[in-house]
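Throw the hints in and build the complete structure from the sequences for me.
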Amino acid sequence: MKRFSWFNVTSLALGFGFLYLPIVILVIYSFNAGRSVAVWGGWSLKWYVEVFQNQQLLDAAWVTLRLGMLSATVATVLGTLAAIVLSRFGRFPGRMLFSGMVYAPLVMPEVITGLSLLLLFVAVDFERGFWTITLAHITFTMCFVAVVVQSRLVGFDKSLEEAAMDLGCRPAGTFLRITLPIIWPAVLSGWMLAFTLSIDDLVISSFTTGPGATTLPMKIYSDVRLGVKPEINAVCTLVIAVITVAVVGASILSKRQEIERERAERAAFAAGG
Amino acid sequence: MAKTLGPVRRKFAPWNDPAAVPLIEFRNVVKRFGDFTAVDDVSLGIYEREFFALLGPSGCGKTTLMRMLAGFEHASEGRILLAGQDLGSRPPYERPVNMMFQSYALFPHMTVEKNIAFGLVMDKMPKADIEVRVAEMLKLTRLEKFAKRKPHQLSGGQRQRVALARSLAKRPKVLLLDEPLGALDKKLREETQFELMDLQQQLGMTFLIVTHDQEEAMTVADRIAVMDHGKLVQVAGPSEIYEQPSNRYVADFIGDINILEGRVASIEGTTIGIEASSPKVSLVVEDDEPTSVGATVWVAVRPEKVRISHDQPTDATSNAVAGTVWDIAYIGDVSVYHVKLDCGATIRATVANVSRTVERPIGWEDRVWLTWARSSGVVLTS
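Each protein sequence line maps, in turn, to chains A and B. Residue numbering for the first sequence follows my numbering, beginning at 1 and increasing consecutively. Residue numbering for the second sequence follows my numbering, beginning at 1001 and increasing consecutively.
Keep in mind that the hints are not guaranteed to be accurate.
Some chain A residues judged to face chain B by a derived CB distance under 7 Å, without partners named [said to hold, decoys possible]:
no.	residue
1	D157
2	L160
3	C169
4	R170
5	A172
6	L176
7	T179
8	P181
9	P185
10	E258
11	E260
To give an idea of the chain A side of the interface with chain B (calculated C-beta under 8 Å), a few residues [stated by the list, open to error]:
no.	residue
12	S116
13	A163
14	M165
By construction, these hints were calculated from the structure, which means they are not laboratory data. These numbers come from a predicted model, not from an experiment. Using N, Cα and C, we set each Cβ at its ideal position, and we do this for glycine too.
Structure follows, in structure tokens:
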């Protein structure tokens, strides 16, 4: 096999360039000393200092964080329950309809989800604000959690649960002691997915928000409409940094567990018996 | 382990005692899944301290029968009794039976110790007692060194022993074993079969094993139930199943056998004369199978009971047929001769390879005579 052909190298460079060049430019310009976003005026950290003095931005970040945590947690509980129902209870009347309805929000345009939620909140006269955004985020992230958890449950050995019950464990106890600890990684990644989707969302948040509940994406978007300030570049760079650290950290952690597990397995077989 | 259990084993036969009450009783049990009848009108009694095997090909309903006893399935009709009590629709966690699963079903997130202790913790046994019992189980299954390991850090044989220890820890009235040795290699499987037997004797428990491996069933079990299409075909001890199969299905399923079709020509006491149709020979069988003159029957003879020789036998009391050696399968301990009779049918005869000579006196395409004693054949009426 030929490792480096010009074709491969070029396509790799083009692909990565396409994906990351805009981000690299954004990161570089966040260190720009000048006021203009297009003209380079030397290196500086002053925009970062500005960010941490901008109370509005910090408030928006805090709202986004709280919103993400809360909606991801509730969505994980609901999504996990839906996944269990879908993968466990073989056939029941309306199963197809139910599974279709769980997955529909995956493909539903966000504008429609947002608009329909807005109409609902208006119809029931629910004061719009933090809680309406939270409900909206739970609604649209729940199905992602259901998909992730269900794919784990497909490969789940049902005899583990039967063994627990055979040994005297009631169904609820079996779920808490056996099923949940085993599918825990899938539940956790479902939570992380829901959290990421939530902090990233602009459209649905815009529809369902009210006074006093501005998320970071909404804040950035409205600021940019008045002209791009280098401050925004700094905020975005910080967000990228946090996400990168989280993703790399999580993958290192799971990789290490895998290596440890493999080593233990080898040791067991070397010991024989 | 004590090897003085032989006499106990030989004398153990409560199923012959009309006064004995079975520990487990299936009464006309039927299990249907939609249109499919998995278990079809099974009535069966299993006695205390018995090692009972359910044997049959996959899909014969043996696993369903066991799962109904464990409580994972509920009978569509009929009743299941344990120690005189109707189990009805009691859930698995309220039944005094434990099961060892085919996949072992070890809890991957718990250590060996925790796995074994699980059932005891569920029973709210005091902590100190749990520790004692777990230690005892670890010793019994020789797993002391592995107590702190997780299942994925164990070999297949060790996992099998953890599964066994876990299902024994609660001292259930009945231990159910679902293909317990299926995942082990042949050597380890044979060793483990004897360990299981010793363990069962030592603990004085009732074991019910489900298996498709006839050798395994014959090795471990006091009695075997051969199943086919959800029905019990024969329930008997290993030697009876082998030497006195109740019909062609059992005869064919257990071991190797030659079956010749014929018509009853004469009956004198237990001596039955049969005119075989293919080959056209007269056969005589000593068997007390009730039949009548003119009925269609089958004569079944095990290959190891057929003698093979170049010379025509002079002994008129034996059964004899002539043929040509068609194939010889050298297996090591025995050679199997496939002899084609003049009518086209094939009869197999096995010869033990008692000497180390490579040259066999009987070779391919030799004309040979096959003989077997009157008492070697069995008459089957179905």
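Numbered hints the structure breaks, given as an ascending list
5, 6, 7, 9, 10, 11 and 12
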